[in-house]
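With the sequences and hints as input, model every part of the structure.
Spelled out, the chains give:
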Amino acid sequence: MRIGDYKVSYAADEAVFRSGTVRFWLGALFVGLAVFPFLAGDYLLYMANLTGIAIVAAVGLNILTGAAGQISLGHAAFVGIGAYTAALLITRLGLPFLLCLPLAGLSAAFFGVIVGAPSMRMKGLYLCIATLAAQVIFEYVFKNWDGLTGGIRGINVPPPSILGFSLNNEFRFYFVTAPVVIIVVTAARNLFRTRVGRAFIAIRDRDFSAELMGISLFRYKLYAFALSSFLAGVAGCLWVNFIKIVTPEHFPLHESIRYLAMIIVGGLGSVLGSIFGAIFMTIVPEVLKSALNLVSAVSPKAMAFLSPLQTVVFGLLIVVFLVFEPHGLAEMWRRVKNYFRLWPFEH
Amino acid sequence: MSLLAVEDLSLSFGGLRVLSEVSLEAAQGQILAIIGPNGAGKTSILNCIGGFYRPQHGRILFEGRDITRLSPDRRAALGLARTFQNIALYRGMTVLDNIKLGAHAHLRTGLLGGLMYWGPAQREEMALRQEVEEEIIDFLEIESIRKLPVAALAYGLQKRVELARALAMRPRVLLMDEPVAGMNAEETEDMARFILDIKEERGLTVVLIEHDMNVIMDISDYVVVVNFGQKIAEGAPDQVQAHPEVIKAYLGQKRAGA
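Taken in order, these protein sequences are the chains called D and F.
Read left to right, the first sequence gives residues 1 to 347 (our numbering).
Read left to right, the second sequence gives residues 1 to 258 (our numbering).
In case anyone wonders, no lab produced these hints; they're calculated from the structure.
Each hint can be trusted.
Estimated spans, in silico, between C-beta atoms of each pair:
no. : chain 1 : residue 1 : chain 2 : residue 2 : range
1   : D       : 28        : F       : 134       : 32 to 40 Å
2   : D       : 16        : F       : 65        : 41 to 49 Å
3   : D       : 319       : F       : 141       : 42 to 50 Å
4   : D       : 126       : F       : 123       : 34 to 42 Å
5   : F       : 238       : D       : 19        : 56 to 64 Å
6   : D       : 32        : F       : 65        : 57 to 65 Å
7   : D       : 18        : F       : 186       : 32 to 40 Å
8   : D       : 319       : F       : 138       : 42 to 50 Å
9   : D       : 182       : F       : 182       : 42 to 50 Å
10  : F       : 156       : D       : 8         : 28 to 36 Å
11  : F       : 141       : D       : 253       : 48 to 56 Å
12  : F       : 238       : D       : 8         : 45 to 53 Å
13  : F       : 111       : D       : 303       : 46 to 54 Å
14  : F       : 182       : D       : 40        : 53 to 61 Å
Predicted model only: the values in this text are computed from it and were never measured.
Here a beta-carbon is modelled for each residue, glycine too, at the ideal position from N, C-alpha and C.
Right under this line is the structure:
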């Protein structure tokens, strides 16, 4: 049991993982992540990859919306831009997969900055509508620029490979997704230990006083848009290489809303919250689906009746979470952690 | 030469004249108080100096340099810090992060450096933490609350954290909008002492707005009185207190024969 939490240097107090106990559990998590693919079946690995990709995108949106307070309804479109960029670079130019990851990110970041530019003049709901317009415009382009995007048929992508080693199944792709997720999460967490991350939160909490503190609102809002859409683009590149096809149907408005739901359920402005939210929004529908399959195995007629119920239950779960834990899963995690810190001798 | 000078400042919003030809000067290491009835234009003067409002007429000089057209963030980098009447802390952050944010303009870490948190970025953060702890948190006696979110603090403490954040900006001039408003006697006394210490130990120039006359009389070196957007009197505190225009503005005029 820990009896205290003492630091003798500022560096020790500024560390993300502050105590031996925490570092032990972090190590255990890494071991778990490394062992997981050898134990899990194809289906679980498929879900793990999708979850990892969702985490990358959610971390991006949480930087923009959760931390910097700029609500975006166009996140899926940026994931789409990353996916299309990667698909085009691979099929037309034959660029290697690993090179496409940053390039897809940069391409999405470029469009992110253009969409974010009006944020200097618009706030809140107005900006929200501007990003909604971006979502609609990009969706339209994906669908109708046949020469570039292949229209509604989309683009097929060959299985990616790294140095001749093909990533043609869920197991192999996991070893790309997991490191990318770890790098992205680490980088995002680091950002909030420096002046850039603090500036984002200052803009969210009080933009006028942030400006009087010496923060250039325009520059930092654009940073937030660029970074957020960069990560969306990286997620899109992972996604298209994993699924091996990209069509306009993959990036509709409700996908953007799903990303918003992830960061709200997980915890706004929290990197950990993005992870929890992405896991929740990816895994829970699948769990509900398997539960439904179990029930319908017993009584086949129930299927027709219960199938819509699945969506209702999922929606209810989100509402229940928001009512009982408005600060998201990250806050719930913090409370559980605090409880166990002194367990079993809490007094 | 004065450190901060405001010359013939005029400001109007549409047809509403908020300030007309207000001039004032603050010398290095001086506490300048701006007083006046509610709605006289005191906060507008601070907002013009800070760059939040653009005056239609007049100049603002900082160390002899014309800063009237500079953006607020550039002025902050030059050494103008501000605290607000209705506390403008960042509620989602801890006390420590709020204070660190004040140093924003003096830090160099960029987007990529921040993402990697390696080498220069980390050294900069550590130096900042040390500066904040040893120069500011220790000075303002807020060690015990530094890890708390500001939303959890009592009003008087929030005001103190706001002062801490302003000090982290390494200012030459501190603009304070009603630093003791709403405080109890003990908190007021603490804050007045801190303001005096800031002036005496750090040689800062303080421009403050306040309604608490006891504080004004005790700590300010020079007082400017404004009413209806115009400067009606100025001078040492005791001179101003006896000035007929000031008494008129504050107490109203005696009717003839009453």
